[in-house]
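Taking the hints into account, I'd like the entire structure generated from these sequences.
Going down the list, the protein sequences come from chains A and B.
Numbering of the first sequence is given in the working numbering, commencing with residue 1 and proceeding in unit increments.
Numbering of the second sequence is given in the working numbering, commencing with residue 1 and proceeding in unit increments.
The set of hints was computed from the structure by calculation and includes no laboratory data.
All C-beta atoms in this analysis are idealised placements derived from N, C-alpha and C, irrespective of residue type, glycine included.
Each statement offered as a hint is correct.
Derived lysine-lysine pairs resembling DSS-like cross-links, with alpha carbons at most 27 Å apart:
no. : chain 1 : residue 1 : chain 2 : residue 2
1   : A       : Lys4      : B       : Lys292
2   : A       : Lys4      : A       : Lys82
3   : A       : Lys82     : A       : Lys109
4   : B       : Lys336    : B       : Lys292
5   : B       : Lys99     : A       : Lys82
6   : B       : Lys25     : A       : Lys4
7   : A       : Lys82     : B       : Lys25
8   : B       : Lys292    : B       : Lys25
9   : B       : Lys99     : B       : Lys274
10  : A       : Lys22     : A       : Lys4
11  : A       : Lys4      : A       : Lys109
12  : A       : Lys22     : A       : Lys109
Pairwise CB distance ranges (calculated):
no. : chain 1 : residue 1 : chain 2 : residue 2 : range
13  : A       : Val94     : B       : Arg294    : 43 to 53 Å
14  : B       : Glu340    : A       : Asp123    : 49 to 59 Å
15  : A       : His17     : B       : Asp218    : 25 to 35 Å
16  : A       : Thr113    : B       : Leu296    : 47 to 57 Å
17  : A       : Gly102    : B       : Lys202    : 52 to 62 Å
18  : A       : Gly66     : B       : Gly279    : 52 to 62 Å
19  : A       : Arg77     : B       : Lys202    : 47 to 57 Å
20  : A       : Glu97     : B       : Glu257    : 51 to 61 Å
21  : B       : Ile308    : A       : Gly102    : 48 to 58 Å
22  : A       : Gln130    : B       : Leu283    : 36 to 46 Å
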Amino acid sequence: MDRKIRILIGKPGLDGHDRGAKYIARALRDAGMEVIYTGIRQTPDAIANAAIQEDVDFVGLSLLSGAHNHLFPEVARLLADKGGSDIILFGGGVIPEEDIPGLKEAGFKAIFTPGTPATEVVDFIEQEIQTR
Amino acid sequence: MSRKYRPAEPPAEVVGSELDLQSCKADDFVRRVRNNDQRGLSRVLSMVENGHPLASTILHSLFAPERLCLTIGITGPPGAGKSTLTNRLIASYRRHGNKVGVIAVDPSSPFSGGALLGDRVRMQEHASDPGVFIRSMANRGHLGGLSGTTRDALEILAAASYNPVLVETMGVGQAEVEIASLADITLLVLVPGLGDDVQTMKAGIMEIGNIIVLNKADRPGIEQLELSVNASLDLIPDPADRPPVIRCSAQTGEGIEELTDAIGNYSASGTGRKAIALGRTMLILNSIIREKGRELARTLIMDRYGSIEEAIESILEGETTPYRIGEMLSGYLNNKRENENECKRD
Numbered sequence: 001m002d003r004k005i006r007i008l009i010g011k012p013g014l015d016g017h018d019r020g021a022k023y024i025a026r027a028l029r030d031a032g033m034e035v036i037y038t039g040i041r042q043t044p045d046a047i048a049n050a051a052i053q054e055d056v057d058f059v060g061l062s063l064l065s066g067a068h069n070h071l072f073p074e075v076a077r078l079l080a081d082k083g084g085s086d087i088i089l090f091g092g093g094v095i096p097e098e099d100i101p102g103l104k105e106a107g108f109k110a111i112f113t114p115g116t117p118a119t120e121v122v123d124f125i126e127q128e129i130q131t132r
Numbered sequence: 001m002s003r004k005y006r007p008a009e010p011p012a013e014v015v016g017s018e019l020d021l022q023s024c025k026a027d028d029f030v031r032r033v034r035n036n037d038q039r040g041l042s043r044v045l046s047m048v049e050n051g052h053p054l055a056s057t058i059l060h061s062l063f064a065p066e067r068l069c070l071t072i073g074i075t076g077p078p079g080a081g082k083s084t085l086t087n088r089l090i091a092s093y094r095r096h097g098n099k100v101g102v103i104a105v106d107p108s109s110p111f112s113g114g115a116l117l118g119d120r121v122r123m124q125e126h127a128s129d130p131g132v133f134i135r136s137m138a139n140r141g142h143l144g145g146l147s148g149t150t151r152d153a154l155e156i157l158a159a160a161s162y163n164p165v166l167v168e169t170m171g172v173g174q175a176e177v178e179i180a181s182l183a184d185i186t187l188l189v190l191v192p193g194l195g196d197d198v199q200t201m202k203a204g205i206m207e208i209g210n211i212i213v214l215n216k217a218d219r220p221g222i223e224q225l226e227l228s229v230n231a232s233l234d235l236i237p238d239p240a241d242r243p244p245v246i247r248c249s250a251q252t253g254e255g256i257e258e259l260t261d262a263i264g265n266y267s268a269s270g271t272g273r274k275a276i277a278l279g280r281t282m283l284i285l286n287s288i289i290r291e292k293g294r295e296l297a298r299t300l301i302m303d304r305y306g307s308i309e310e311a312i313e314s315i316l317e318g319e320t321t322p323y324r325i326g327e328m329l330s331g332y333l334n335n336k337r338e339n340e341n342e343c344k345r346d
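Following this line, the structure appears as structure tokens:
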């Protein structure tokens with residue numbers, strides 16, 4: 001069996017700054033993973049649906065607008081509703097340190113803030129895939 | 001009047017939880033696909049893509065070549081607007097109440113094996129519509145514009161009663177024509193500005209469109225493109241074989257109605273259900289012959305030399321040549337035929 005790691009990179013909400021999301025998508029592609037990029041301004045429901053249809057192992061969300069405390073947990077909730085509670089969630093963007101524990105509680109395995117080297121994200125994924 | 005006691009129906013199986021996906025058997029997966037259970041359906045697509053041990057049992061159960069499912073292939077060069085056009089076609093079929101399946105193929109990196117699958121970006125407006133199932137596939141090194149398992153993914157979406165299924169190829173060059181044998185109708189999407197009229201005279205991709213779509217019709221150069229495409233089609237001897245040429249702009253939606261009408265006309269006038277069943281069966285059997293044939297040849301070489309690497313070593317040491325190994329394989333087939341003939345005579 002030739003299994004590829006599949007990851008959805010999505011941008012929920014109204015923030016249109018996708019440089020970071022594209023940078024990570026590209027880095028994961030170069031690490032040999034299949035990355036589904038859904039583009040900007042997605043509803044949490046659209047992201048959760050896409051994750052189910054694409055049968056991804058991971059969903060990575062990027063947000064720079066400050067609405068992460070609302071939108072990230074909403075994606076987690078909808079994913080679980082659709083039978084995807086085993087999909088590993090991670091996030092990134094401009095996220096204050098004090099918000100991270102709350103997001104982790106909502107089901108996010110890791111939050112990557114500005115300045116994180118792409119290799120750190122790749123390492124995280126390669127480590128987490130072992131648990132699946 | 002007394003009412004007879006009827007035992008309660010057994011509770012419907014809880015679907016969608018990841019735990020039972022792990023312990024599922026082939027017929028559970030078959031049932032999930034037929035019920036259009038999203039999680040089960042998408043997992044089966046992955047199993048097929050990854051060559052999971054249960055995959056061929058599931059495909060065997062789902063195989064139904066006479067099933068009515070219109071397959072529309074969408075092909076053309078990179079950036080021609082295939083995804084945007086697919087998006088328009090989804091909207092159009094949804095308005096008619098169809099459940100639409102989409103398979104969108106993008107290339108894998110020849111270096112890392114990874115892929116960036118970005119076709120969904122143009123189909124965002126359908127992401128929350130339960131009547132639309134979109135699946136992105138990386139070609140994983142397969143040549144021809146599709147992935148090696150696109151044909152199986154198509155069978156699965158058809159079994160989940162999506163109709164039509166739109167298959168968007170990777171951006172193609174001049175000779176990636178596999179879609180023509182997979183789809184009932186192939187749309188060749190061309191855009192202005194990609195070359196002179198000699199390009200439209202070349203063999204290969206220009207020959208496979210059942211409908212030729214001239215996209216980005218609002219751009220300069222569209223007249224020139226239409227002229228050269230028509231000049232090239234003028235040389236087709238039988239006018240009945242001449243594909244319609246449709247100008248449109250997937251961006252603005254202009255010309256999309258003409259396109260769906262042309263698709264409707266083609267599928268109404270075209271080959272019957274039997275012919276489509278025949279074509280689909282031939283395609284699947286031929287690709288299985290190709291795959292298994294390769295496996296068989298490899299196994300025979302490994303039986304003789306231990307491994308492919310050792311075979312290469314003995315070639316480099318001058319003990320044999322690739323052609324001699326080829327003869328060995330033919331010899332094996334001839335022996336087998338002779339043995340079978342003898343058995344028949346006995």
